[in-house]
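Knowing the structure of chain Z, use the given hints to seat chain V on it.
Taken in order, these protein sequences are the chains called Z and V.
Heads up: the first sequence runs through residues 1 to 386, numbered per the working numbering.
Heads up: the second sequence runs through residues 387 to 1083, numbered per the working numbering.
Just to be clear, a hint being listed does not mean it is correct.
Stated by the list, open to error - To give an idea of the interface, some chain V residues facing chain Z are shown, with a C-beta separation under 8 Å as derived from the structure:
| id | residue |
| --- | --- |
| 1 | LYS390 |
| 2 | LEU405 |
| 3 | ARG412 |
| 4 | ILE431 |
| 5 | ARG618 |
Claimed, not checked - Covered, in the sense of this in silico footprint (three residues per stretch, anywhere, with C-beta under 8 Å from a C-beta of chain Z), are these stretches of chain V:
| id | segment |
| --- | --- |
| 6 | 415 to 427 |
| 7 | 611 to 617 |
As the list claims (entries may be wrong) - Covered stretches of chain Z (in silico footprint by chain V; criterion: 3 or more residues with CB under 8 Å from a CB of chain V, positions within the stretch not fixed):
| id | segment |
| --- | --- |
| 8 | 29 to 42 |
| 9 | 338 to 350 |
Derived by calculation from the structure, the hints in this document are not laboratory data.
Model, not experiment: these values are computed from the prediction.
Think of the CB as a built atom: it goes at the ideal place given N, C-alpha and C, for glycine as much as any other residue.
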Amino acid sequence: MSHIQARQRLYRRERQSLLHGFDPVLTAVVGLLLFIGTLLVWAATRDWYIRNGLDGQYYLKRHIINIIIGLVLAYGVTVIDYRLLRAYTPFLWGAGVLGLIIVLIPGLGSEVNGAKAWIALPGGFQIQPAELAKISIIIGMSMILSERTHDSDGPSSTDVLQSLAIAAIPVLLIILQPDMGTILIISAAVVTIIAVSGAPARWVTALLLLAVLGGFVAVKAGVISEYQVNRLQTFVDPSADTQGAGYQLRQARITVGSGGLLGTGLFNGPQTNGRFVPEQQTDFIFTVAGEELGFVGSGAILILYLILLMRGFSIARRTSDPFGRLVCTGVIAWFAFQIFENIGMTLGLMPMTGVPLPFISYGGSSMFATLIGIGLLQNVHARLRG
Amino acid sequence: MNNKSRLSLLVVQILIVSLMTALFGRLFYLQVAAGPKYREAALSIQSRDVVAPATRGLIVDGYGVPLAMNKAGLAITIDRIAIDKLEDKGVGVMKRLAALLNLKYEDVYQNTRLCGELPKGKKAGCWQGSRYQPIPITKSADPDIALQIVERSDAFPGVDAQPVAIRNYPSYLNVNAAHVLGYVGPLTESDLLESNGKQYFRSETIGKTGLEIQYDSFLRGEPGIRTVIVDRKESITRESQNTKPIPGDHLVTSLDVRLQAATEKALKDAVLRGRANGYRSDSGAAIVMDVKTGQILALASYPTYDPNSWEKGLTVQQASDLFSEKKSVPALNRAIQGLFAPASTFKVVSVVAAADAGYDIKAKYDCPSQVQVGTRAFQNFDSKNQGRMDMKKAIAVSCDTIWYQIAFDEWLRDGGLKPKSNPNDYFFKAAQAFDITEKVGIDLPSESRSRLADRAYKKRWHDQNKDFYCNYKDRATKAQQTPFLLQLAAENCVDGDKIRAGDAVNFSIGQGDTVVTPLKLTQMYAAIANGGTIWQASIAKAVVKTDGTVVKTFTPAKLGTLDVEASTIKFLQQSLREVVVSGTGEGVFAGFPIEISGKTGTGQVFGKNPDGSLKDDTSWFASYAPSNNPRYAVVMMVGQGGFGASTSGVGVRQIYEALFGVSGNKIVPGAALFPEGKPPMQLPKISPATKPKETGK
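Chain Z on its own, in the form it takes in the complex (with noise of 0.2 Å):
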């Protein structure tokens, strides 16, 4: 078969259908969670908005134009075969690191929460390019990592230290933000990348140490700012603060446990209507389900989660492509981990750190992010015999 033939049945399949050698079960996961998103995020905003005399909408309209945006994203990472995209890994990787760089330019970045993660753009939007930098260090570390310049089992370990530098950079960048959260969900991808790309053991262990000795420096030499320090400590002792992080973390379980089995039902929850809980259409967009749809909802979104990224980790085991393994594996572990940190923040597991739920929290940067992060898992399913 000749290449060009290949590519003309490709396109044909292609002409057959959007969704053809798209993973369904991941699909209509994903489609599942949009929209239950979607109702949460409107539900988040809708009553306090109207109360005060606004477009009770005004959320869930920007929330679906994110969802749109995140949608043709993704899909362009989808048809686009991944195999290209290495190709251009050194310029997303640069645009990422760019980003980064941006947003610490005073002017140029805004501060939120007591961090520089945001460019302003005109029309209100916002840019967090450290959403995007993950995507940059997963497909640029996957990069090294599966190309072999010898005949071995895995990467060397200069391979491995290339392959911390590229993920080094935006992470240092980040800490300057800073933005705890997202390093730390950066780390739990590194070091998972790193593991299954077959890398010496030691690595792995190393690398797991270097983890923890490094939290512990932070705190110490002061690298973490002081609300970062406040919201550790509150975390350890929640009654510390009464109307800071502390405060935020009881109304948070306050919420997610008053919603019960059933909770309130949607749009009926005083807690969520009450704006108790801060940031509770972004980073405490859980609180509405935990109380509005209650153990029974909540949990669904739990099982969702675990199917999608059940369904990851099968592309993953499947393909017989080094770097789609690792590009996939990357994804699922950085979703694993960002969905374990916020839902675990919300529930008191966790401590507070500013990330979003994927799929369902509010904000375009995470919804871009994830959505294209889904455009690679699709990405290396229909790749998978082609």
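Chain V alone, transformed into the frame defined by chain Z:
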């Protein structure tokens, strides 16, 4: 894929499944296992109870004249949470406010401190409520000043003015009745803990003492509650319940405003008379009881306080004066809480004891100037030898020695310092015949129990104090080491557990460790007057709803009967009449148109005043009238007031003058407070507009 990668992937997968399982478990715990707890927490965050206090019921006298009512007031309040956030903690605001309201800054400061914030002993005037409710500085502000404050909210952050219903004691005829009525105040944290099984709301007021607390559950009514659901900014999102307040019920008492006012005046006059005669006269009590029911018609205690001062805004000075020894502790209701040796008024017990012991009460006995009791000679009053007389005369002229002799003889007969196993104890038994150690049972809080210093009491006392007296040299202060006190301590150590001859002799004239409340003595004399019924003292007659429906009536209760021969009671009545006809009460009641029976008492008090001076005698007059068909028992006591007759006797006469409408020695037609010769039996119509009835006087 190589094996290492496959294994790593599996490990990562297991790790991620465990993380998700952890989330699932935690979610189950929060929502299902601990769900109810969190739902309750959420409810307390979201819901706010806006409490509309109920109008408190009136307290009225037997004719329906209000003793306690409500009026519209204007409260100036300070929000502690708001002023604490100011840089100077609100000092500036409070200073400006104090200047504007013509108050002292120190008082405003103290009034806004929570009682728990202040050290012990510096709590006077503190706020008993919580930080979360606006603290009233005054409740009777001038509307113009209130307006100034509201208009200049920038100069007065955290200060607010709002109309409130305030408790008002209208003081008709200058009546005070503070010790009976009590006052109202904010709830304390322990009230809010529902420790007494009642649910209260922060913004409510509650009776603090007197009838206000005794009948609080009736008077209080039920506050209206509007429960609203609020958001984080405390703005209301919806209303979840709304109940209207139910006004409190009215309390009809047996008091009579006019008699109460007259009693208070007579008591105050008596105190001032005592002082004019050179006595310290630091306290007093006067009571008028219906001897046929035990109902209290008037009850006064001196010194007193203004029950309205709480709502006006209590100054620190006023608050600390209430419990100040120097000011003779105005908070104390001496009529029911003060314990005093009854002195000669107690001789009615001695008569009963003598009769029970087989002495012929009609026979004549010596009344020598002194009686030798062991090594000590006990003097008659003023050491006068009054010759031979019968017991009636002995009561009338208040001979002491006749009772000394009998008490000493009976003490010896009971074995003296080596008492028989089954002593007669006629004197103690006679006191018990009057139920002396039982409470009078008045419907006021904190009544003191009178004390009978009998054998059992002595034992208890010795058990508790022997350590002190047996180690007196080490335990007592230098000033207490006088030869007399050392001697006394030695005696107390050796046989303080026994009734000594001196104790028995003193007991017979109402001296020593036996002490009674003025109300107990009133009950005893009422029992003599009515032929032997011991009534429970009571003030409340009925609880009546605002629409006039009677909720509850309080029927007088008999606590017991005087365990005394009818003939002895009769003899006592004759003797008490004789006191006024030819004895120590003769001068005071000379020419009084109504027959009065009574007994004077002049009680010695041991100990010293705070300034080191020796204590003056307690002045008593216990009585009832009319002698032939008794209806009222009147007792007055003036602490350190000197002689019974001249201080208290005159006071009691003053009370009878008001009661029977007597001016000089004549009954003024239509001036008697109770025209039918008895207090009103019917329940009155209740209206806040009722004023005391004019009498012809």
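Going through the hints against the structure:
1. LYS390: 5 Å, holds
2. LEU405: 5 Å, holds
3. ARG412: Holds: closest Cβ of chain Z sits about 5 Å from ARG412 (chain V), inside 8 Å.
4. ILE431: 6 Å, holds
5. ARG618: OK, holds: ARG618 (chain V) within 8 Å of chain Z, min 5 Å.
6. 415 to 427: holds (count 10)
7. 611 to 617: It holds: at least three residues are needed, and the segment 611 to 617 of chain V offers 3 whose Cβ sits within less than 8 Å of chain Z.
8. 29 to 42: Our answer is that it is violated, as 0 residues pass the Cβ test (under 8 Å) against chain V, missing three.
9. 338 to 350: holds (count 7)
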